[in-house]
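> These protein sequences, in sequence, are chains A and B. Using this note's numbering, you'd call the opening residue of the first sequence number 32 and step up by one each time. Using this note's numbering, you'd call the opening residue of the second sequence number 45 and step up by one each time.
In case anyone wonders, no lab produced these hints; they're calculated from the structure. You may find that some hints are simply not true.
Claimed, not checked - No farther apart than 30 Å at their CA atoms in a straight line, the calculated lysine-lysine pairs in the DSSO-like style are these:
hint: 1; chain 1: B; residue 1: Lys69; chain 2: B; residue 2: Lys133
hint: 2; chain 1: B; residue 1: Lys133; chain 2: B; residue 2: Lys208
hint: 3; chain 1: A; residue 1: Lys82; chain 2: B; residue 2: Lys183
hint: 4; chain 1: B; residue 1: Lys208; chain 2: A; residue 2: Lys116
hint: 5; chain 1: A; residue 1: Lys116; chain 2: B; residue 2: Lys69
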Amino acid sequence: MITLTHYLILTGLLFAIGLVGVMRRTNLLMLFFSTEILLNAVNIGFVAVSKYYGDFTGQMFAFFIIAVAASEVAVGLGLLILWYKRNGSVDLNSLQMMKG
Amino acid sequence: MYETVAFYIFSILTLGMFGIVVMSKNALYAMSALAGGMIFISGFFFILDAEFLGVVQIVVYSGAIMALYAFGMMFFDTTRDVSEKMRSKKIAYTLSILSAILIVAILCIPLVSESIEASYPAIENVGNIQMVGLILFTKYLVPFELAAIMLLVAMISGIVLASKKMDEHLAIEEDECEMLKEGK
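Please model the complete structure; the sequences and the hints are all you need to start from.
What follows is the structure in structure tokens.
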């Protein structure tokens, strides 16, 4: 029988994969992919809690998270295309202009 | 029984797909694996009786967001391998493992306390989609409208940002053509 703990552990694992991606990648496009993984992992957790406590608030939150993710991608990709046109690279190290 | 089997199959597939996204050096492989992982996640939503979210997950994530990434990738050089220069591997992996343990601990805290009551409990004989509509358009009407405005702003900003220098690039190409003609 699958309990809430199973889902929460899965959420934690997926979130860990996303965090590894965020820390490992230096390509900005790949960083966006990792962010999507983080948001999806949290969504699973919300929906699982919503099911096992019989409360619909979790599903509403997951719904709004999807909306936020969609707008984040639209704005982020626009900025990324602009940066690529200017610099010819989407590498995170190309953003270091101050040479600190 | 079926729920257990489905849960484990979807877990393994999702973890594998997202592992490919994080570890792959090719941007196209990473994007395809991400799209697959999104669809498998919608499987979890269907197991959890959240049909509406499952459909939204497929339509929005695998449809809209992945298409957006695919269009965005036309602007980048995706055939080249992604160069990764890691300065401190140990710090990154320790930090991620520590934060993962922290997240599991945070998520397990509600299980210890048994005094949680549902503020919007499910009504008998009302389907999931009907229930989502009932709650979304009563208790969460203002956040819903704000989300609509946010999506509109994001759409306009996406168009403005991506199309900013498109005419300039065309102008450069025309100049180059003229220069080539003069050279001949």
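> Hint by hint, note whether the structure agrees.
Hint check results:
For a cut-off of 30 Å, the pair hint linking Lys69 (chain B) to Lys133 (chain B) stands: about 17 Å separates their Cα positions. A threshold of 30 Å between alpha carbons decides the hint, and for Lys133 (chain B) with Lys208 (chain B) the separation of about 38 Å lies outside it, so the pair is violated. Distance hint between Lys82 (chain A) and Lys183 (chain B) is fulfilled; the C-alpha atoms sit about 19 Å from each other, no more than 30 Å. Our distance criterion of 30 Å between C-alpha atoms is met by Lys208 (chain B) and Lys116 (chain A), whose separation comes to about 10 Å.
Restraint check: the Cα-Cα separation between Lys116 (chain A) and Lys69 (chain B) comes to about 22 Å, which is no more than 30 Å; the hinted pair holds.
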